Amino acid sequence: MIPELGHFALGLALALALAMAGFGLVGAHRGQARLMGLVPPLAMGVLLAVGASFLCLVASFVANDTTVSAVVANSHSLKPLLYKVSGTWGNHEGSMLLWVLILALCCGAVAGFGRNLPSALQARVLAVLGLIAAGFLAFIIGTSDPFKRVWPPAMDGNGLNPILQDPGLAFHPPLLYLGYVGFAVTFAFAVAALIEGRVDAAWGRWVRPWALAAWSFLTLGIGLGSWWAYYELGWGGYWFWDPVENASLLPWLAGCALLHSAIVVEKREALKTWTVFLALLAFALSLLGTFLVRSGVLNSVHAFASDPARGVFILGLLMLYVGGGFALFAWRAQAMAPTGVFAPVSREGALVLNNLLLCSVAAVVLVGTLYPMFADLVLGQKISVGPPFFNTATLPLAVPLVGAMAIGPFMPWKRARLWPALQKLWWVALAALAAALLCLALEGVRVGPALGFFAAIWLIMGAKADFAQRIGLFSRPRAAFGRALALPRAAWGSAMAHGGLGVTILGLAGMGLAVDRLALLKPGESVELAGYEYRLDGVVDAEGANFAARRATVQVLRHGRAVVTLHPEKRSFALARMTTSEAAIHTTWLEDLYVVLGEEREGGVVLRIHDNPLAPWIWLGAGLMALGGGLSLSDRRTRVAAPAAKATALKNPAVQA
Amino acid sequence: MTRKKKRLYLLLLCGLGLGSATALTLTAFQDNLVFFRSPSDIAREAPGPERAFRLGGLVLTGSLSRSTEAGRPLARFVVTDGAAQVPVAFGGVLPDLFREGQGVVTLGKLGPDGVFMASEVLARHDETYMPPDVADALKRSGHWNPNQGAAPPASSWNTLQPGRGGG
Numbered sequence: 073m074i075p076e077l078g079h080f081a082l083g084l085a086l087a088l089a090l091a092m093a094g095f096g097l098v099g100a101h102r103g104q105a106r107l108m109g110l111v112p113p114l115a116m117g118v119l120l121a122v123g124a125s126f127l128c129l130v131a132s133f134v135a136n137d138t139t140v141s142a143v144v145a146n147s148h149s150l151k152p153l154l155y156k157v158s159g160t161w162g163n164h165e166g167s168m169l170l171w172v173l174i175l176a177l178c179c180g181a182v183a184g185f186g187r188n189l190p191s192a193l194q195a196r197v198l199a200v201l202g203l204i205a206a207g208f209l210a211f212i213i214g215t216s217d218p219f220k221r222v223w224p225p226a227m228d229g230n231g232l233n234p235i236l237q238d239p240g241l242a243f244h245p246p247l248l249y250l251g252y253v254g255f256a257v258t259f260a261f262a263v264a265a266l267i268e269g270r271v272d273a274a275w276g277r278w279v280r281p282w283a284l285a286a287w288s289f290l291t292l293g294i295g296l297g298s299w300w301a302y303y304e305l306g307w308g309g310y311w312f313w314d315p316v317e318n319a320s321l322l323p324w325l326a327g328c329a330l331l332h333s334a335i336v337v338e339k340r341e342a343l344k345t346w347t348v349f350l351a352l353l354a355f356a357l358s359l360l361g362t363f364l365v366r367s368g369v370l371n372s373v374h375a376f377a378s379d380p381a382r383g384v385f386i387l388g389l390l391m392l393y394v395g396g397g398f399a400l401f402a403w404r405a406q407a408m409a410p411t412g413v414f415a416p417v418s419r420e421g422a423l424v425l426n427n428l429l430l431c432s433v434a435a436v437v438l439v440g441t442l443y444p445m446f447a448d449l450v451l452g453q454k455i456s457v458g459p460p461f462f463n464t465a466t467l468p469l470a471v472p473l474v475g476a477m478a479i480g481p482f483m484p485w486k487r488a489r490l491w492p493a494l495q496k497l498w499w500v501a502l503a504a505l506a507a508a509l510l511c512l513a514l515e516g517v518r519v520g521p522a523l524g525f526f527a528a529i530w531l532i533m534g535a536k537a538d539f540a541q542r543i544g545l546f547s548r549p550r551a552a553f554g555r556a557l558a559l560p561r562a563a564w565g566s567a568m569a570h571g572g573l574g575v576t577i578l579g580l581a582g583m584g585l586a587v588d589r590l591a592l593l594k595p596g597e598s599v600e601l602a603g604y605e606y607r608l609d610g611v612v613d614a615e616g617a618n619f620a621a622r623r624a625t626v627q628v629l630r631h632g633r634a635v636v637t638l639h640p641e642k643r644s645f646a647l648a649r650m651t652t653s654e655a656a657i658h659t660t661w662l663e664d665l666y667v668v669l670g671e672e673r674e675g676g677v678v679l680r681i682h683d684n685p686l687a688p689w690i691w692l693g694a695g696l697m698a699l700g701g702g703l704s705l706s707d708r709r710t711r712v713a714a715p716a717a718k719a720t721a722l723k724n725p726a727v728q729a
Numbered sequence: 012m013t014r015k016k017k018r019l020y021l022l023l024l025c026g027l028g029l030g031s032a033t034a035l036t037l038t039a040f041q042d043n044l045v046f047f048r049s050p051s052d053i054a055r056e057a058p059g060p061e062r063a064f065r066l067g068g069l070v071l072t073g074s075l076s077r078s079t080e081a082g083r084p085l086a087r088f089v090v091t092d093g094a095a096q097v098p099v100a101f102g103g104v105l106p107d108l109f110r111e112g113q114g115v116v117t118l119g120k121l122g123p124d125g126v127f128m129a130s131e132v133l134a135r136h137d138e139t140y141m142p143p144d145v146a147d148a149l150k151r152s153g154h155w156n157p158n159q160g161a162a163p164p165a166s167s168w169n170t171l172q173p174g175r176g177g178g
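Taken in order, these protein sequences are the chains called D and E.
Each residue of the first sequence is one higher than the last, beginning at 73 in the numbering used here.
Each residue of the second sequence is one higher than the last, beginning at 12 in the numbering used here.
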C-alpha cells in the first residue's frame, strides 16, 4: 500500500509541476495576476507531493518491504537503522528521488521566502523550476521507478554495498545535491531575467544568496566525500581526480565564479551578461555531473545505473535545459546593457580576473574529464587521464588565482591602484615567504609543498590583514572590537572563506610531504616511520553488526613512550561477499598516523603505514569555507529588502563588502 | 576609460585566459595521457620502458605468489586476456577485491625483462563486475563476448589458450 501511495504522489507531483510551469509562464507573459497567484501554492503542492513520496520510500526501506525491488537490491533487515534510511538514497532510484525532493524544497523556498519578489519574476522563476522538476519526475517515473514491486517477495534484501555503510557517506549525497540543485534556482533566475530582458541590482541581490547557499553546501558535500575517501577507501589519498569527483568540482568552480560576479551586479550593476552566463553554466555543469554519474558512462563506485535508456533520457534533459538556456541567452543577451563602468584595476577588475581564472580551471578540468569518453567514442582509443594531467594543467592557473585572492579585497570599487594594496600586504608576503623557506630548510628542495605553504600563509594572513584593516586594528585599536562587532557578517564570511581555502591549501601542502611504508610484521616486531615506532602486538578475530573482522593491534611509540594503540581491521561482509579495509587513524592535528591492514601470510601481516602531515586541515578548511558562506548568507543585507541594506551601509561608511 | 577600451581589455584578458588554458591542456596531454593496453596489444607491440600505461585483463588462476624482496612485500601475478599473458609485479597491498580469475586494471611500466612493474592495482568493484576496458579487451581477443552472458568460469581461462604468450 505505502509504495503505491508513493508512486501516486510522484504522478501527482508531475502534474502539479507541469501546471506550475504552464501557469507561471502564461500568467507572467499576459500579466494576469490571478494565474501568477496560483503558482506559489502549486509549488507548495509539488513540495508536499514529492515529500510524501520520499517518506513512503524511506518507510519501505525502514520496514524492509521486500516486495519493493529497490529495497531488495539495496537493503537488508539486519542493517543498522541509519543505513536503512541512508540506503534510501544509496541507490540510483532513491538518489534521483532525493534530487527531485531537494528541487521541490527549493521551489517551496522560492515560493515561501519570495513574497517580496516582483510577482512576474517569481512566477517565471517558479515556472522554470517546475519545468526542471517535471523533466526529472518524468525520468523517475519512466525509467527508474523506485516503487517497482517484485513478486514473489524475496526472503530478504541483498544489503547495501559495505563501503557505503558509513555515517560520512550517509550525508554526502544530500549535501552534494543541495549544492547541485541550488544552482537550479540561480539558473531559473537567469532564465527569468533573460525572458524579461532585465537584470538589475535587485536581481543580483536575489541571486547571490542562492549561489552562496548552493556553493556552501557543495563545498561541504565535496569535503565530506573527500574525507570519506580518505578514511574509508584506505589508500591514504584524499582526491583522485576521478571523473565523478571532477563532476562535482566543475559546478563548484562555476558557482564560485558566479557568487563573486553576482556581487558586482549587486553593487555596481556591471558584468550582467556575464553573470547570467555563469548562472546558466553552473547549472549546466551540475546537470552534466548528474549525467556523468547517473548514466553509467563512468565506471566508479558511484555508477549505479547501467541501463542505456536512462543515459539517453538524462542526456535528453541535459540538452533540453542547457540547450534551451543557452539558446535563450544567445537570443536575448543583447537586451541587457551594462551600466556600471570600471577601470581594469579595481575591485570589479579583480573579480573579473577571479572569474576568468576559475573558468579557465573549470575548462581544463572539463576537457580532462570528457576527453577519455570522447576518445573512446570517436577515435576508438582506450585512454585515461590521471592526476598528473590535472596537477600540471591546473597548478599554473591556481597560482595567480591564489595570488590575486589576497589582494582583491584591498582594492576599492570602480578605480584602484595596485601599489597601495600591495603595500598593505608586505608583512603577509614576508610571513608567507618565511613559511616557504622554513619548509625548504626542513624538508629539502621540494617545490610543490614549499609553494603550497607560501600560498596557504599568503591566504590566511591576507584574510587576517583584510579583517584587521576593516576593523581598524592598527589605526584605531581601541575602537577595533566594537567595529568588529558592527562589521556586516558578509565581511566576516568572505574573510573566513578566503582564509578557509588557505587552511585547505595548508593541508594539501602538508600532504605533499606525506610518507608511507609497507612492512611485513610478525607479532612483536616493529617498524619505524617519520619518528614513530609501530609495533604489531597481534591479530585477532572480531565480530561486528553484520560482518566478521580480523583486527590487528598496533602500538605506536615515540622515543620509547606509548602514543596510541591503533586497530586497523579487515572486514568481510558475508552477505555482499565483500571485504573492506578499515584504516586506523590517529590524528594529532599536526599529522595523521594512518595504518591499513593488508594480507596475512608467513605468520605475519602486511601493514601499510602512512604519516600524513596536516591532513585534517584539508577538511577543516572546507568546513571554514562553507561556514564563511553561511555567515555571508546570514547577513542582514541578503535577508531583508533593499532599503534596509542601504541604511546599514550608510551607518558604516568604512564597510565596503 | 571608454567603454570600447574596456571591452578591448576584457576581450584581451579572456583571450589570455582561454589561450593559456588551451596551451596548458595540450602540453599536459602530451605527457600525461595514459593508454589502456591488453596483453595481446603488448604481445604485438611492446611499449617502451619509460611510458606508463594501464594494463588490464583477468588475473590468471593460480598465478598469484607473494614474497618479500628487500624488506618490501611483493606480489606477483599474471594478467591474461585469453590470447596472451603478461607477468606483473606489484609492491603494495593488493586491494580487497583482488581475486584470481577476476578482472583487474593495473597502472605501471613495462620493464626490459618483460615484467610489468605496477604502481597501482585497481579492483574496486564486486566480484561480478568487469571493468569495461577489460571486457573490451576480452572481446577483441575473441574469447568472450560480454553481450552473450556472464564470463566463463575463472578456472577455464588458463586452459583456453595454454602455453601461448609469455608467462
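It should be emphasised that the hints constitute simulated quantities derived from the structure, not laboratory data.
Note that the structure is predicted; figures quoted are calculated from it, not measured.
Glycine included, each C-beta is placed from N, C-alpha and C at the ideal position.
Any given hint might turn out to be false.
Sample of chain E residues at the chain D side, in silico, Cβ under 8 Å [said to hold, decoys possible]:
| no. | residue |
| --- | --- |
| 1 | C25 |
| 2 | S31 |
| 3 | L44 |
| 4 | F46 |
| 5 | L75 |
| 6 | E80 |
| 7 | A81 |
Checked hints:
{"no.": "1", "hint": "C25", "result": "holds, 6 Å"}
{"no.": "2", "hint": "S31", "result": "holds, 7 Å"}
{"no.": "3", "hint": "L44", "result": "holds, 6 Å"}
{"no.": "4", "hint": "F46", "result": "holds, 6 Å"}
{"no.": "5", "hint": "L75", "result": "violated, 10 Å"}
{"no.": "6", "hint": "E80", "result": "violated, 11 Å"}
{"no.": "7", "hint": "A81", "result": "violated, 11 Å"}
Hints 5, 6, 7, counting from the list given before, are not met by this structure.
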